[in-house]
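Student: Spelled out, the chains give:
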Amino acid sequence: MGMTAAEKIIAAHAGKDIVKPGELVKAKVDLILGNDITAPVAIREFNKIGIDKVFDPDRVVLVPDHFTPNKDIASAEQVKMMKEFALKQGITNYFEVGRMGIEHALLPEAGLVLPGEIIIGADSHTCTYGALGALATGIGSTDMAAAMALGETWFKVPSSIKFVYRGELNEWVSGKDLILYTIGQIGVDGALYQSMEFTGPVIRSLSMDSRLSMCNMAIEAGAKAGIIEPDEITYAYLEGRAQREYRGMFSDGDAVYAQEIEFNVGEIEPQVAFPHLPENTRGISEVGEIPLDQVVIGSCTNGRLEDLRVAAGLLKNKKVHPRVRLIIIPGTQKIYQEAMKEGLMDIFIEAEAAVSTPTCGPCLGGHMGVLAKGERSLATTNRNFVGRMGHPESEVYLCNPAVAAASAVTGKISAPEEVL
Amino acid sequence: MTQLKGKAWKFGDDVDTDVIIPARYLSTSDPDELAKYCMVDADPQFFNKISSGDIMVARKNFGCGSSREHAPLSIKYAGISCVIADSFARIFYRNAINIGLPILESPEAAESISQGDLILVDLEKGLIKNETKGEKYYSAPFPEFMQEIISAGGLISYVKKQRSVNS
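These protein sequences, in sequence, are chains D and A.
Heads up, the first sequence is in our numbering, so the first residue is 1 and it goes up one at a time.
Heads up, the second sequence is in our numbering, so the first residue is 1001 and it goes up one at a time.
Only chain A is shown next, with the shape it has when bound in the complex (with noise of 0.2 Å):
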């Protein structure tokens, strides 16, 4: 699996759905559409300083609230490679293994990691280093289930695989 490098964005606990993509946006399913709007409550500038690979950093319950897939896809598209945070909510971490969205969940990385922190992930070990800190930090691997998800390029290509397999 691919290593992930960017510069990390940092938030804090109970990040919710209507803060990631508010629901003045969603009538429409267009995932490059849902992209400019990414945290734009929080800040309205966040989709044009961001660059593609960056790293979202959150702390306890990222992605509370809606089931709106919405959410996971406008980070995504945005061009986030990943996001770590202490927890995540859990319909938003099945939301996001669903499409491919690598999340990370670490309480000591989401703690140590300050915004600009240049950070690389290597997500088949779950390793976590800050380059500019010269620290590492360990996220538990995916189970093997989630794995197989992942690798076959999320929720959809998987059950398209099984199928075949199955007839």
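Just chain D, same shape as in the assembly (with noise of 0.2 Å):
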């Protein structure tokens, strides 16, 4: 019996031939992330185990990312602590803010995270990594900090199930409508425990950019992990970026497979999430009249090059909602500066919209936009719990980069054809 591209990586890491979902395994792993929330967590608990060093300097990064720059003196005691142990340790990607990304923007970015690996992160959406063929789930600070220590971790192998998208894409339908209208059909507990692979001629032929914002949000469906299979996109990206050896790791023709789900993305418009989950997911065309007061592009899920030209695309020219903030955040300095050259952001401040330098604030209602009582968000985030931007009682719409854009225009939820 064959294996999934997901059963084959945790093997080869567990130092088997072969594992079956259900079974718990000891793995080595290849990368461990943490940020200025988890990661002082995790160090108070890597201290209290009584060694003295992390397990490889080289294969712990540690990105203030949420809080940054530092909004108080809490967090920035936070990040002190993060720094100090990133020094002592001698921990080679520590990202200081002014070469610190938005995590998940600038691990892929910076070639961190390869084909067939295991990455572990003090993050949900760690599973982002998926999009480049590794094996990459969220754990918490307590795990974080044995496996700093032990260079490995415990995993329950994953069931998984496949995804197959076929058909044409519509217009101004990216990855993040994918991913959207998924979490829509499944729930946002339809793959609990499970790893979703996502697969097809659709994904074969979607950027990379668009295949990072899809398997970011595969645990807004409660997976373990998303994944796509290494090909000739991910080898084009992995060019001159790569930071190691990799080996691609790809499912057998006879896997098994927990279920298989197909959908004809000829049927898929861009998708908007109504509050306050993201498995409350509509058509653009079944939106109605929502008025907005702030609009955010950027976040781990859509704050990379593509999402800023497509944004940029429908801003040229046009101002913003009088009544609408629109908060634009490239996801790394990288993105920033190649943005700037491409003269998108005077696009940006032309049509009136704030810029900021790369932070998760928003997303998490942290700082840098955090909605007042009765406020209403549309964002290009991965989150609409209640409260999550802010007041328990603001609400927050989930949509990709152009509905995104548009909106901003028109100062309420609409498709990007209405402000051509």
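Worth flagging that the hints you see were computed from the coordinates, not collected in a lab.
A portion of the hints provided could be inaccurate.
Said to hold, decoys possible - Using 27 Å as the maximum straight-line C-alpha spacing, the simulated DSSO-like pairs for lysine-lysine come out as follows:
id, chain 1, residue 1, chain 2, residue 2
1, A, 1161, D, 88
2, A, 1160, D, 156
3, D, 80, A, 1036
4, D, 53, A, 1160
5, A, 1160, D, 83
6, D, 16, D, 26
Since we're looking at a predicted model, the values are computed, not measured.
Fit chain to chain and form the complex, with the hints in mind.
Tutor: Here it is in structure tokens:
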């Protein structure tokens, strides 16, 4: 019996020929990630273990990106603790503000996450790296602490669901829409404890930026991981970036799946997730009249160059609606710089958007775009839980960058065609 | 292992980590501080209303969302002795085991228990007794591997113990 790519990756790291769903195994990890919220708790737990050094200072990545640039004294103290730990441990991949980016935009860009690897991160959206054919999953701080000490952790081998996407993509439909639509179909626990394998001709032609935003939201269906097998697009992306040797893993033709689901993407229009769950999705034509106070384009889901280009294309020679704040956050310094070179920043500023240095801030109601009571935001982020972006009586709607940009102009949730 | 006893606090489907502990309280990692804001957006008085040993009961996908371990920490340090639900989100499940917060999957218990019922839990047997309704429910016991982590007092003590055995 064959194995899925996810099973093969776990088997290879557990020193086994075969693993089966449900099996508990110990496996080596290639990279461990923490941020300014989760790493301080992990460092405290690591210090309790009673060893001096992390298993490999080149394999631990620390990115202060959630409350940074530090929003207050308490968050500054957390980042200071992280920085001191990084310096003491000689951690090579500590990214200070100024060279920092949103972790899940930064790590792929820096070639730190590769096909066939196991990556664990104390951040739920670590599953983003599945876009590069890695088995990448979110863990908590205590797991991070133990893994920093041992270089390994335990896994329950997940069963897999295969999602096959066929047909012709409609205009303005991106990876973000495919994943929102998929979550809308299967629900926020539709892939609980499982791995979501995205495949089919549509995925094969999807850009890396779009793939990253799809895998990013696998956790929003409860999945342990999202995974796309490497192909020419992956290899082209990794060219000149990959920091280590790698070997991609592929699902066998006779691999066993818990379920196979096929979508004809021709039936999918740009999606909007209504409050307060990412599964509450509707096609843009069924949204109705939803006036907005704020629009956010950014985050580990959609703060990449492709996203900024799409937004700029729609904002060019237009102004943001008078009652709306538009906040645009490039995912990394490099994306920021590229966007400047391409003239996208001029377009944003002329449209009267606020542009920020990379930060996760608004996505989790941290800073740089916190909502007041009763306010409503449309965002390219990944979660719209109660109080996610601020006051518990505020609302968050999720969408792709094109819908976000168009809506910032009209002042209400709108299809991109409305501003062309 | 100990018997747990307490009053049930009932919640619904998909209780997410932003509800358990909103991000605006995450600029600290002090568990006693986090405990004060446990479930604050669902019920601002939750921390003041519960008694030590009380039990949280919810429906499907409890703990979905963020990897923040602050969520199970805030529940544990608020004095909740265990969480019973139809199902748990994966990272929350792991985090709870790792910090030694007992959690039980039992769709039957999660459906039948009402707000305020007096609940007794025997973790070793996976037995949940509803004293108020005179009912019994069962939950699958933890796999052996996890029992070792729990009986060691959480993952860090387990790793410490393993390291001293290996060296």
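Student: Now tell me, hint by hint, if it's right for this structure.
Tutor: Quick rundown of the hints versus the structure:
no.	hint	verdict
1	A:1161 to D:88	25 Å, holds
2	A:1160 to D:156	22 Å, holds
3	D:80 to A:1036	25 Å, holds
4	D:53 to A:1160	14 Å, holds
5	A:1160 to D:83	25 Å, holds
6	D:16 to D:26	10 Å, holds
When the structure is compared with the earlier hints, no violation turns up for any of them.
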